[in-house]
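Asker: Here's the letter readout for the chains.
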Amino acid sequence: GAVVSQHPSWVICKSGTSVKIECRSLDFQATTMFWYRQFPKQSLMLMATSNEGSKATYEQGVEKDKFLINHASLTLSTLTVTSAHPEDSSFYICSASDGSGATDTQYFGPGTRLTVL
Amino acid sequence: KQEVTQIPAALSVPEGENLVLNCSFTDSAIYNLQWFRQDPGKGLTSLLLIQSSQREQTSGRLNASLDKSSGRSTLYIAASQPGDSATYLCASKTLSEKLVFGKGTKLTVNP
Numbered sequence: 003g004a005v006v007s008q009h010p011s012w013v014i015c016k017s018g019t020s021v022k023i024e025c026r027s028l029d030f031q032a033t034t035m036f037w038y039r040q041f042p043k044q045s046l047m048l049m050a051t052s053n054e055g056s057k058a059t060y061e062q063g064v065e066k067d068k069f070l071i072n073h074a075s076l077t078l079s080t081l082t083v084t085s086a087h088p089e090d091s092s093f094y095i096c097s098a099s100d101g102s103g104a105t106d107t108q109y110f111g112p113g114t115r116l117t118v119l
Numbered sequence: 007k008q009e010v011t012q013i014p015a016a017l018s019v020p021e022g023e024n025l026v027l028n029c030s031f032t033d034s035a036i037y038n039l040q041w042f043r044q045d046p047g048k049g050l051t052s053l054l055l056i057q058s059s060q061r062e063q064t065s066g067r068l069n070a071s072l073d074k075s076s077g078r079s080t081l082y083i084a085a086s087q088p089g090d091s092a093t094y095l096c097a098s099k100t101l102s103e104k105l106v107f108g109k110g111t112k113l114t115v116n117p
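Chains as they are written, first to last, in my numbering: chain A, 3 to 119; chain B, 7 to 117.
Distance condition first, Cα-Cα at most 27 Å in a straight line; then the derived DSSO-like pairs of lysine-lysine: (1) A:Lys-43 <-> B:Lys-104; (2) B:Lys-7 <-> A:Lys-66; (3) A:Lys-68 <-> B:Lys-7; (4) A:Lys-68 <-> B:Lys-104; (5) B:Lys-48 <-> A:Lys-43; (6) B:Lys-7 <-> B:Lys-104; (7) A:Lys-66 <-> B:Lys-109; (8) B:Lys-48 <-> A:Lys-16; (9) A:Lys-68 <-> B:Lys-48; (10) A:Lys-22 <-> B:Lys-48.
These aren't lab readings, by the way, just hints derived from the structure by calculation.
Next up, chain B with everything else stripped away, as it sits in the complex:
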């Protein structure tokens, strides 16, 4: 059974700092890995999706990497801004085509 872990559970940084969020998964047999953003009381916004054959994806200040062999993914946020404050979730799509989510990392970027 796939398990997804995100570390740290919470992170507080000053504005402008570069930061890395970590995601690990126990079963490397996945179709893809996806990073989402969730604001308090809101749904999910998809940020980046990395197919199993890919190593990384970039969108603006965000870069996500995937290392299937080690069961790890990272989300790199450059030059963080207060508007980046949210909970970031990673989810792996298993071979049963289900998304398995981590508990998320709550990011606070202080002005």
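Only chain A is shown next, with the shape it has when bound in the complex:
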């Protein structure tokens, strides 16, 4: 149980285009979803936290107008990278939890490799 999927697993796009990444909880309802970014040989950095039906909370330094997050249902969250540039190339990982308590476990997706040319 507790499977989280991401689509696509990798994407290559041209600079200036927008890219949408989906994160789905397959066998549970995800009250909260998280989006992380990981650069090579670096740790995962939390970008934003989203709760179903409400606006996402972005971490300091993350541009909310560039990284649009939608959590419209309890099983789906999307991250749209708008007007992508080469510096946005990274590994994007989502996670989902089935509750909002401090002891809840986050289940991670397999990640999406974004390359912007």
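Here the structure of chain A is known, so what remains is to put chain B in place on it, guided by the hints.
Answerer: Frame of chain A, contents of chain B only:
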């Protein structure tokens, strides 16, 4: 602001060796500490989660300990195998309910 450090950054051992990976964190006010495995280009697999009230957790050949007072956790891998080769990440869950990750230790187990 919580900072998580993992030492060493990389480790290479022969098959069969027991090994210890280290994780330290600056703020001991945490809910839990979790160890993950990450294979190249892949997502995270949770290995062990230690709640703040616990001292250790075990799963098969893995044992993780937590010493909140000193801000340290260790992951012990017994009888290492080539299939254990991966990057191991630790993450603390802060009181703001966010996971703060270390940069990981890249483990290579040589046949």
